[in-house]
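Here's the letter readout for the chains.
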Amino acid sequence: MFVRTQRDNFESKVVTPGQVITADTQYMRGHGTYLNEEESSHISSVAGVVERVNKLITVRPLHTRYTGNIGDLVIGRITEVTNKRWKVDINSRQDAVLLLSAINLPGGVQRRKTEADELQMRKFFAEGDLLAAEFQGSFNDGSTSLHTRNLKYGKLRNGSLIVVPPALVQRCKTHFHTLSCGVDVTLGLNGYIWVSKHSSKNLDELDPEAIYSNDNEPVDRSTRETIARVCNCINALSRHFMCITDTIIAYAYEASLKYPVKDLLKLEAMEFVTTEVRHKLSVVRSIY
Amino acid sequence: MAPVLISALEADYILKGIDDNLRADGRGRLDYREVILETGLITQAHGSARCRLGEGTDVLVGVKVDIGTVDIDGTEEEVATVKAKRGRVVCNVECSPIASQQFAGRGADDINNELTQMMSRVLNGPQGGLNLEKLCIIPGKACWIVYIDALVLDYAGNIVDTMFMTTRAALFNTQVPKAIIHDLGDGEVEFDLSEDVEEWERIEGWEHVPISVTLNKIGSRHIVDATPLEELTTEAKLHVMVNRNGKICGIQKSGSGSIEHSLLSEMVQVHIFVI
Amino acid sequence: MVKNSLAFEAETFRKIQPQEYLRRFIQGNIRPDGRSLSQFRPTTVNQSCITTTNGSSMVRIGNTTVVCGIKAEVATPKFNSPLEGYLVPNIDLSPICSPKFKPGPPGELAQVLSENLNNLLKSASVLDLTSLCIKEGIAVWVLYIDLVCVNYDGNIYDASVIGMITALTNVKLPEATFEESSGLVKATEELSVTLKLQRIPYSVTVALFDGQHLLVDPTEVEESITSEQITIVFDEVGQLCSIWKVGGLPSSPEHLKQCMNIARERYKQISMIVKSSI
Amino acid sequence: MVDRRRIQGPEVSVAPIIIKSADKRTCLKDEHSRRRDGRNLEDICPIFLKTGLISQANGSAFIEIRRTKIACGVYGPRQTKIPSFSGKGNLNVEIKFAPFSCQKRRQPYRDAQEKDLSQLVIEALVPSIRLDLLPKSTIDIYITVLENDGTASCLAAAITCASVAVADAGIEMLDLVPASSASYIGGEIYMDSDLAEEQHETGYLILSYMPSLKEVTHILQSGDVDLALTTQAFEQCTDACSKIYSVMINSLLLPIRDTQ
Amino acid sequence: MPNLTKYVTPGRRLCFSEGVTAGPGVYERGEYLYASVVGVVQELAPTTEGEPRVVTVTREKVHSAVPDVGSIITGKVIRMTTKEAVVSIMVVGNMPCKDDFQGIIRSQDVRATEKDKVKIYNSFRLGDIVRAEVISLGDARSYYLSTAKNELGVIYAQSVAGAVMIPISWQEMQCTKTKTMEPRKCAKPDIPLPEK
Amino acid sequence: MASRKRPPSKIRTISIEPNYVNRDGSALFKFGDSAVVCSVNGPTEVKLRDEKVDKATIDVIFKPLVGLPGTKDKTHEYIIRSTVESVIKSNLYPRTLIQIVCQVMMDDGNILATAINATTYALMNAGVEMKDIAVAVACIVNKDGNILIDPELREIEKAQSYHTFAFSKTSFGLLFCESTGLFTEEQYFECYAICKIAAQEIIDKIRMKIQLDLT
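Residue numbers (the UniProt record's numbering), protein chains in the order written: chain F, 1 to 288; chain X, 1 to 275; chain V, 1 to 278; chain E, 1 to 260; chain Y, 1 to 196; chain C, 1 to 215.
To be clear, the hints were calculated from the coordinates, so they are not data collected in a lab. Don't be surprised by glycine CBs; every beta carbon is placed ideally from N, CA and C. Be aware that a few hints might be false.
[As the list claims (entries may be wrong)] Here are the simulated lysine-lysine pairs, DSBU-like style, with alpha carbons at most 35 Å apart: (1) F/K280 to F/K152; (2) E/K104 to X/K247; (3) V/K275 to C/K143.
[Said to hold, decoys possible] The calculated label-pair distances, taken between Cβ atoms and stated as ranges, are: (4) E/R4 to C/M208: 34 to 42 Å; (5) V/N80 to C/G173: 15 to 23 Å; (6) C/V66 to V/T130: 42 to 50 Å.
[Said to hold, decoys possible] In silico contact screen, one side only, chain V against chain Y (beta carbon under 7 Å); selected entries: (7) E11; (8) K15; (9) I16; (10) Q19; (11) P99.
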């Protein structure tokens, strides 16, 4: 996480647009702040939490569309297929672009892109398909480019999608988690979370031909119930604006075992789960 | 923001879930989401209600009552006299763009038109439950016109059921001012409205107003109260309007799939079980 | 048994080279649909075929089919002509009759045809408008003449004129009385009044190809290829009611004379067909 | 609405009130339940159905039931105008009532009721047409009602006529879609009701059905009806649809048989 | 054996589906074969022995065709840009379509050899009639066409002087009146319309 | 019969003002008190929708003196376009648009003929290449059968029949004619001859005006 030095007192202060952060000019301006002309003090342009890294001041808004940085894992939905590229909605300002050259072709990594691939793009990804991809960088016109050149990325199967505000998903080392209750959770940094059945096969066994097939593995009733429970827990957490990591989801899951799955939709059930999680978090934090 | 597209894999997952009676959010095939209903929110309207289904679909209905003339021109003599002694109901449904991107600009036009026609088809006529004769002040001259305006604030599936529930609540909440009739002797009749609020009374027959149950056919099964993703995988939707004493007040199918004959009668029985 | 490939060659040839296609036929003194240059398509008329109207007719010239319906309503007359009723002719070329027409408000051709029909009624004073009066200055009849084209295969103006005139002849206006008390007009179904037309005009359209060939009663294919059309309207006493020649290469008075003779013969044919259809 | 693209009549014109003389009070059925035109309650009317009416269209049909007359033209499959790519074909229906077709003169431009009826016809026909074989193209169906003798039976006739026109256009279909209508009057079911009966009905049912696949493509019912009567009405409508189905087959095969 | 009452309409149940496959004009649902067009039922003997019999319904009504991947089309060049030529498709296979579809011949699809050295204005001119093959459904507005085969390319063109031109080689056409040569990517002449 | 100041076969004083509006070409054409301004824009860029591959798209907009354009003005647009289309060498300007806008300034009868002449002059003023020029003149046959050239508004109202002719200058062929009212064949051809003579007069007037402008 960020390095926190306790020197100045404006740390983690909640600011509103137009509020002065600091008059000290040796700081650099980051996102969400601007410099007014006369007294050269930093003013925040967004309502959010002030964060300082060495000399850089930024204000992180509470609720905003996802602004990506390189290397982020994101989940996206294909909105349009044009020649040699796909348009992908990643809950960001603009649709991201996935080039034909940026995906794994069926039949292993070595296969070169042929003429036929260009014409049969829909065999790989069609409109509406969900995929996990990595944030590669952005073109000069500001639109972001993705790539799925890695076996753990690609089409998402055997599960369902939950959408939460992007600010809640914390950046951590890996975003592919397998929860204790035997369910896979993929936390997209853009707020799209995919909860699916645990794929027993590890990465290299995946036969390259089937990575774009459109059929699910059979899901038995108990796994389906756990997936539903996890989805409802994530919903409860996002409704009370709590940040979401794999540990927090695990806590929420245990807390929710008290209720049958469909009661988790009720407000008071959500209330109970989140207070339970908050309590458990404070206990854990006090141990550190 | 309601998704517009769905992937084949998600659709297949939902289909299989419904087959063994466990949907993506844990509900069974015939379980409704939690309904939160409030009435009397808008002061200027004669009656209003707001209903939220789960934490998704949100519909606000306002009812205003106004005095209008009866339109009887052009119809046969016989039908004209019957119409002269009746008030009427005018409905209008509006999906506001804040509910979802697709409703911005002209996108909402045909959905609005479809919902408005469905509402007026059910509420105007004997099966609407309201006692229209009572709404007439002076036969042939003046009568009450009930304007029902529904506004969809948030879209999370199953708009039709929420809309009918909220309309019924709003009609329950409606207070109609009392009209005092003065007979001016030579057949001329005059009326004016009493100001004090106590004398206002409810529209007679509000309790017979029907509510709707929407059955979504997915694969060979059918579910109730579908979420947006489930609605995208639905082949055919069957709206069954039912009133208090179990009478069917209207059936309408929408969506592009077809329903097996056997499944159809089974779906129609379902509504009694749900009510 | 799909059509033999020669027929397809013709179809492709017609799409690529329309002028040449028609010229080949005309040189052989025959037309694409097998008629000779001066032969009219079979014309049928049937009357009062729609019961929800006060007067109606259906006219078929070859494939072109027009249905005309007249509905009578009541309105207050214009200030400066308190006795005169209204005649409102409108033709509707909806997308059902040909792929040429797009949905939405009437296109240019529909507006021009409606205007010509309106001029014909007014200038040839086909119906004395005072006969439509119910109560001077207060209530008069309005005859909405609506023509719906069901199938557009050229020469739509002739079919519309025949349809409109036949429908006008079999209009039955209910006996209307203006009620002082309620200010409404009540009409009884039993006794009905028929209209007396002062003039029975019928129109004939001839297409001019390459400046010299006169193609009588053009089909849609011929209409799209030739650019000039001459329309001549006669009435029952042989008096001219309107002549309308639009566009294309300049034509000489001889053409007009030939067309007038053709129109006179055709007038007799049409009035015979209409008489036999009652 | 002043429509400058048409010849203008007077601003306001109203239809006269038609006084029906006393004896013609309509009594819908006589003692041994015979209707005014001799049918009894569950009979449907004879149907005149002919294809190939419009030379310009790919497929066309004309239907006449009692006094209802409807013409339908099918154009397509042709290039889609909508910007988005669609793997499946698109169906577009436009119903138009001729201004003189109903008791009261209808406005020449499309009103809300016509938009709604068009949507109902689309939903009735889409399940029967194999749209997945025609990517990126549109089928346009234009229906003109020349005379309307009862809106419910008119809509049923429009669906039947449109389905025959699509088959006449040579477009691949799973099945023909006959549709039939019934009215609930005084607790009894009147099949194929006309205008007079419709004015006294407390409810109506329109059902479109694929007889050989035994699937209902569209159903629309309004009125205060209990369950038993509704299911009985379903049965009567599905039988009626099977009868109409044979008329549709003959109308399509007639022109072929006599050319052979 | 399907009951061979000659004429069928869509939805007509033909026969059981085992041992028989559905040809054009027929579809399979449940364990039955149904007709999907108006036409005559025929049962064709299978080409190779082992295959099951094929039931087809030949269409009675000539219907306007829809371009599909692989179909041969005839169309008119209506617009040119440096990278592609826009063609309005008038005939698909040998069935004329009532309304024209729109197709694009990209410069890399004009011919099979030296794709990148193609100059589009030396291959097509405005108003030429070309025969091409549909290679992909392309995007929302137009199909992707290719003339990369010998029998594809320009089949009818008017020279600058307005006379009809005849192809002399696969890349040149000669004006009958002024004998001037104009560069075109022509189709090999007198090949009958390839049956699609 | 209203007193008609000029003899039956004499047309009203014609006055032409070119470059009335600074467009590619424009002209005001007056028959006595009937005046129409016509402005020509072209050949310019054309919208993709109505682009023609081998010839120019001609678009006519006719604005009436009072009120919004209705079906009558749409008919005038259709007439002017079809008359002018056959005269302009449009295959010299493929995939372009020639836009003609006619605005009625004063209306004392015979508006259509004035508009056609104004359009012809505006096209010449704009330098659009034409095979021929269209000259239009109108006449009426009044109640007692004699023919009046170039009628005023009150004469048209009382006329028995009303004829408008448009001749091509070189061959004097009939480009356009519209006759309404009740008339016999002889009357029609008599009007045809008289209008032909009047047309010659207008052509001389136009040629004289052009010489005046160019010198």
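Going through the hints against the structure:
Among the hinted pairs, F/K280 with F/K152 is consistent with the structure: their alpha-carbon atoms are about 32 Å apart, no more than 35 Å. Pair hint E/K104 plus X/K247 holds up; C-alpha atoms about 33 Å apart against a cutoff of 35 Å. In summary, the hint linking V/K275 to C/K143 is supported, as the alpha carbons are separated by about 33 Å, within the 35 Å threshold. About 40 Å separates the C-beta atoms of E/R4 and C/M208, a value consistent with the hinted range of 34 to 42 Å.
For V/N80 paired with C/G173, a C-beta distance near 42 Å fails the hint of 15 to 23 Å. At roughly 28 Å, the beta carbons of C/V66 and V/T130 sit outside the given window of 42 to 50 Å. A distance limit of 7 Å between C-beta atoms decides the matter here; for V/E11 the minimum to chain Y is near 5 Å, and the interface restraint holds. This hint holds: V/K15 has a C-beta 5 Å from the nearest C-beta of chain Y, less than the 7 Å allowed.
Checking V/I16 against chain Y by beta carbon gives a least distance of about 6 Å; that is within 7 Å, so the hint holds. The restraint placing V/Q19 at the interface with chain Y is violated, with a minimum CB-CB distance near 13 Å, outside the 7 Å limit. A least Cβ separation of about 6 Å between V/P99 and chain Y falls short of the 7 Å threshold, and the interface hint therefore holds.
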